[in-house]
Amino acid sequence: RKEVEQDPGPFNVPEGATVAFNCTYSNSASQSFFWYRQDCRKEPKLLMSVYSSGNEDGRFTAQLNRASQYISLLIRDSKLSDSATYLCVVNMNRDDKIIFGKGTRLHILP
Amino acid sequence: NAGVTQTPKFRVLKTGQSMTLLCAQDMNHEYMYWYRQDPGMGLRLIHYSVGEGTTAKGEVPDGYNVSRLKKQNFLLGLESAAPSQTSVYFCASSYPAGEGDQPQHFGDGTRLSIL
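Those protein sequences? They're chains A and B, same order as listed.
No gaps in the numbering here: position 86 of the first sequence is 102 in the numbering used here, and each next residue is one more.
No gaps in the numbering here: position 98 of the second sequence is 906 in the numbering used here, and each next residue is one more.
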């Protein structure tokens with residue numbers, strides 16, 4: 017099993033719809049989790065951290081399920097500007113090990 | 809506050825040439841990283857540093873060397889460039905990974921082509 021796995025997509029979603037991505041991780045000792053957004057030919061940018069109790073930032077909701085070892089990102093009322101690749105990041109918080117998923121591509125359709 | 813700055817932004821080299829990519833951060837971060845990103849491969853860690861004067865190998869270190877002589881700078885060197893090193897290179901920095909919720913901050917990348 018890969019350390020961090022994401023569905024590569026692409027997810028083609030009409031504007032205004034709700035879309036959700038999952039990311040699974042293999043090491044139960046993982047302690048910190050993040051979602052990054054990467055636009056075409058640009059650098060990854062932090063979208064949000066993922067906390068154990070779940071957290072929300074506007075239209076974005078992140079959740080962590082330690083028992084099943086996955087994190088999720090929910091985007092409500094999707095906008096054309098949400099089109100990007102979303103990277104899942106898992107931080108072991110030891111051995112300086114940070115693992116990036118390969119990303120899920122999202123296309124919001126007008 | 810510039811964050812993480814990479815130079816150059818673009819470069820074309822011939823096979824066998826050498827060059828150095830510079831990464832500078834002004835956030836007083838202990839940790840710095842060099843990644844390469846290729847289509848379909850995601851981000852792959854080349855080398856990283858947990859502090860001034862220290863470096864460590866990542867997932868794909870062969871063909872690259874690094875140096876961290878100053879806390880704010882992390883240099884990536886290609887001694888003899890090969891076409892397989894054509895890629896987009898990203899530098900990142902962060903506070904120590906062991907101190908909890910510490911995301912990485914990225915530079916805007918260097919596009920390197922080896923002919």
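Think of the hints as simulated: they come from the structure by calculation, not from any bench.
Every residue gets a Cβ at the ideal spot worked out from N, C-alpha and C, and that includes glycine.
Check the hints yourself; a few may be wrong.
Subject to a maximum C-alpha distance of 16 Å in a straight line, what follows is the list of computed EDC-like cross-link-like pairs (lysine to aspartate or glutamate) [what the hints assert, rightly or not]:
id, chain 1, residue 1, chain 2, residue 2
1, A, K113, B, E838
2, B, K817, A, D98
3, A, K113, B, D916
4, B, K822, B, D916
So these bits of chain B aren't anywhere near chain A, every CB distance computed over 10 Å [claimed, not checked]:
id, residue
5, K822
6, G848
7, M849
8, K879
9, E887
10, Q910
11, Q912
12, H913
These are the hints, each one checked on the structure:
For the hint linking K113 (chain A) to E838 (chain B), the alpha-carbon distance of about 15 Å falls within 16 Å, and the restraint holds. For the proposed pair K817 (chain B) and D98 (chain A), the alpha carbon gap of about 26 Å is over 16 Å, so the pair is violated. Distance hint between K113 (chain A) and D916 (chain B) is unfulfilled; the C-alpha atoms sit about 22 Å from each other, more than 16 Å. Among the hinted pairs, K822 (chain B) with D916 (chain B) is inconsistent with the structure: their alpha-carbon atoms are about 23 Å apart, more than 16 Å.
Distance check on K822 (chain B): its Cβ is at least 24 Å (rounded) from any Cβ of chain A, clearing the 10 Å threshold; non-interface status holds. Not every CB of chain A is more than 10 Å from the CB of G848 (chain B) (nearest about 8 Å), against its label as outside the interface. Its closest Cβ contact with chain A, about 7 Å, brings M849 (chain B) to no more than 10 Å, contrary to its assignment away from the interface. The Cβ of K879 (chain B) lies farther than 10 Å from every Cβ of chain A, with a closest approach of about 16 Å, so its non-interface assignment holds.
Distance to chain A confirms E887 (chain B) as a non-interface residue, since its nearest Cβ pair spans about 25 Å, more than 10 Å. Look at Q910 (chain B): its CB is around 7 Å from the nearest CB on chain A, not clear of 10 Å, so calling it non-interface is violated. Listed as outside the interface, Q912 (chain B) is inconsistent with that label: its C-beta sits roughly 7 Å from the nearest C-beta of chain A, within the 10 Å cut-off. At roughly 7 Å from the closest C-beta of chain A, the C-beta of H913 (chain B) falls inside 10 Å, breaking its exclusion from the interface.
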